[in-house]
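J.: Below are the chains, spelled out letter by letter.
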Amino acid sequence: MTAPPLLSVRGLNKAYGALRVTDDVSFDVAEGELHAIIGPNGAGKTTLIHQLSGRLASDGGTVRFAGSDVTRLSMEERVRRGLARSFQITSILDGFTVLENAALAVQARSGSSFRFFRPAARETRLNEAAMAALAQVKLDDRAHRRAGSLSHGEKRQLEIAVALATGARLLLLDEPLAGTGHEETAVLVDLMQALKETHTIVLIEHDMDAVFALADRVSVLVYGRLIATGTPADVRSNREVRAAYLGEEEAA
Amino acid sequence: MFNLFLLQALNGAQFGILLFLVAAGLTLIFGIMDLINLAHGVLYMVGAYFAATFTGLTGDFLLGLALALPACLLFGIVLEVLVFRRLYERDHLDQVLATFGLILMLNEAVKIVWGAAPMSVPIPDLLSGSIPLIGPLQYPFYRVVIIAAGLLSAFGLWVLVNHTRIGMLLRAGAVNAPMVSALGVDIRRLFMLVFGFGAMLAGFAGAMVAPILSVEPGMGDSVLILTFVVIVIGGVGSVRGAFVAAILVGLVDTLGRTFGPIVLRSLMDPSAASQTGRTLAPMLIYILMAAVLFFRPSGLFPAKGAAA
Amino acid sequence: MSAGLSEAAFDTAGRVGPGRRAGLFAGGGATLAAGLIFLALALLPPVATLIDDPFLVVTATRIMIFAIAALSLDLVLGYGAMVSFGHAAFLGIGAYAVAILAANGIDDLFLQAVAAILAAALFAFVTGAISLRTKGVYFIMITLAFGQMAYFFMVSLSAYGGDDGITLDARSTLFGLPVLAGDLGLFYLVLAVLVVAFAGLRALTLSRFGRVLRGTRENPVRMQAIGFAPFRYQLTAYVIAGALAGVAGVLLANQAEFVSPAYMSWQRSGELIVMVVLGGMGTLAGAIGGAIAFMLLEDWLALASEHWKLGLGLLLVLLVLFSRGGIAGAIGRLAGRSEA
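Residue numbers (my numbering), protein chains in the order written: chain Y, 22 to 273; chain B, 10 to 317; chain G, 14 to 353.
In case anyone wonders, no lab produced these hints; they're calculated from the structure. One thing to keep in mind: the hints can contain errors.
Stretch-level coverage of chain G by chain B, calculated; a stretch enters the list once three of its residues show a Cβ under 8 Å from a Cβ in chain B [as the list claims (entries may be wrong)]: (1) 158-167; (2) 170-183; (3) 280-292.
For every residue, glycine included, the Cβ atom is placed at its ideal position computed from N, Cα and C.
Pulled out of the complex, with its shape left as it was, chain Y reads as follows (with noise of 0.2 Å):
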């Protein structure tokens, strides 16, 4: 690899009293690739992507997104920088639009949203990119539903579509599957496909057979530790993962 890593993590800790929930976790991720983290229930996955997004503070260790330190920002500043994330447990706003849901996250890095007049549901400019962002996920024709009203799976889309919105280089998505129906996956599995054309991403996912569909590279992530890295095959051949995860997967 010769040019510098997207994202280069280094030493993350987190830890409630004596429990470490992320411990010294050391990773990179390169441009355009789709690097997947998995690990069992309790791996502290999550908390690594709150550290990651910014939602959470870290105890030690660093975060360099695109060249520079961004272990100290806050998530708003992140977005800004173009490192987005999707919610594990859906977090749109039900009472918007789906279309105003993904324009808002536009609004965010389109000029002050110290505006106070001029009705933003009417701003084409915001609007047309909000459409884009959700014609990549397929959701162009829900538009003007209420975001509420969605099925589950559109609303994972949904989720995708602002991540998209917000004009990220790097998307932190964090169990898209969850919870999602077999033909639902499919979709989902079939967009990020697409969306590693255009994107960065770190997925977090408990579907092995997405994972290994989708990734470059695989992470995997036991009691905080980093225990293996590299491709889906020689993650599926390690020992060690073996033993602590798939095994595990396996025996249930």
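Dock chains B and G against the given chain Y, drawing on the hints supplied.
T.: Only chains B and G this time, still in chain Y's reference frame:
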């Protein structure tokens, strides 16, 4: 000057102790049940009225006090069962509205039952008179009794919170209420007990001040807001924080009112100093609160994270 | 299990559950309802003359002034999801701007209004910046305490009447003209301010700024995740609302020709909250309707019994206890609207 300081410091401590008695129950109710209760000051008022009534009936303050305490406990439990129990799951706005309604109701009910005119309770002979401090300096014995009774209650609470099973549950509840119910504890009974006990403490404070203040409708309202200041400074859910903050607020308020103008007199001409002092003194505790919040948004002794 | 840090566990300044926006004037007809109210109000003075009840105009003026204050609170409470319990302080600051300036020889309404807006906005900025560092029950208690601080400040201000308040010699003048001397002039000025405030706030809630505020109400963490810092927007809304309540205070002082600390008592703040919730939060028209309904109810109860507060309190408690979704839900159902 030193004598004045000593007297005012004692007054401040006595005031602070009373605030603590009201705040102790309220901070637990906030912390454990995440319930905003505006009507807690009403319990203080009701305590004073119970004490006045029972003292009148029995002709003896101590007997009246002994009757007022269980009456307050009962009153608190009745309120919990009738109203508060249904509010725990509601949002803060519903809690604000319902408890605001309770204040309007109970203040008016007190007027109907006891009349709008202030009542007074004589200081019992046994506790009247003064005791010598240093030299010729005297201090009213009854106020010493208030301080002692308050400290004793605080000590009792400390033992209860830190050295009993209920206390352990209370502390755990202030940090993580769902966990406590997951332990198989009957959370409803625990809440009812905390509420009744908090009502009794507030009522105790009201009963104790009955002989030195006039007992009147609405007397709980100003105490309620001071109690909020205490809880915000001390940290929601922390009994220890409530104690430290209550004493602090009592001292700052009392000493500020006396010494504010005196201190200012060294900076400006006397009439301006006394005017400025009188204006600033009542604001001191709020400024203190703002300062504490600025540096520690969850108070001095946070039981759990409250800051954004 | 990441130590209970679920995305759903956020908390704003005072917990306000979702789906609370129902009430007298919820729904799409809100603006229409407001328009009808304005029309009825505009026609009120001739009607009052016709039925020979001049006091009607005075009552209506007073109600409209509280409707303006309730409107401003709706921006904070209904759109910003901030349960502020110190809103009456801004009303009082506006009123005292009139009294203090008048006592010092400045009778001009315009200057008084500018002073009131600046003073209320400054107070809102400082106390809001501190209060918004916290959330939940803290925010409610702190706004209440700051309101009380303003109250005690005025109580101790003996040069301007202290506890007893201060009577104005005359109403304000506008550029030297006594336009407010008559009740009718004041009535139409207050109505104009009410209409402008409503229209302005309506535009504001639909603007970019308003959209961020509404988004923050629904989910502040989501707003951060797309690049907004909620604090700045909430504080701005708090300051705007404070300034508008200050204007209401200017009008109140002129209406009563008397100013006292009682204007900023915490009970008054509570009543403003009741007005907004009664009418339906986050609809603007609801705040106006709620103010009218509340003040008429208050007058009516006061006529019925000297212990009317008992009835009002009981009504509040019962409404909250025995209705799903609180008062707003109850009224929404009474009005035959389901909470969709």
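J.: Taking the hints in turn, state whether each one holds.
T.: Here's how the hints hold up against the structure:
1. With 6 residues having a Cβ less than 8 Å from any Cβ of chain B, the stretch 158-167 of chain G passes the three-residue criterion, so the hint holds.
2. Taking a C-beta to C-beta cut-off of 8 Å, the stretch 170-183 of chain G contributes 3 residues in contact with chain B, enough for the three needed, and the coverage statement holds.
3. Here the stretch 280-292 of chain G counts 5 residues with a CB under 8 Å from a CB of chain B, which clears the bar of 3, and the coverage holds.
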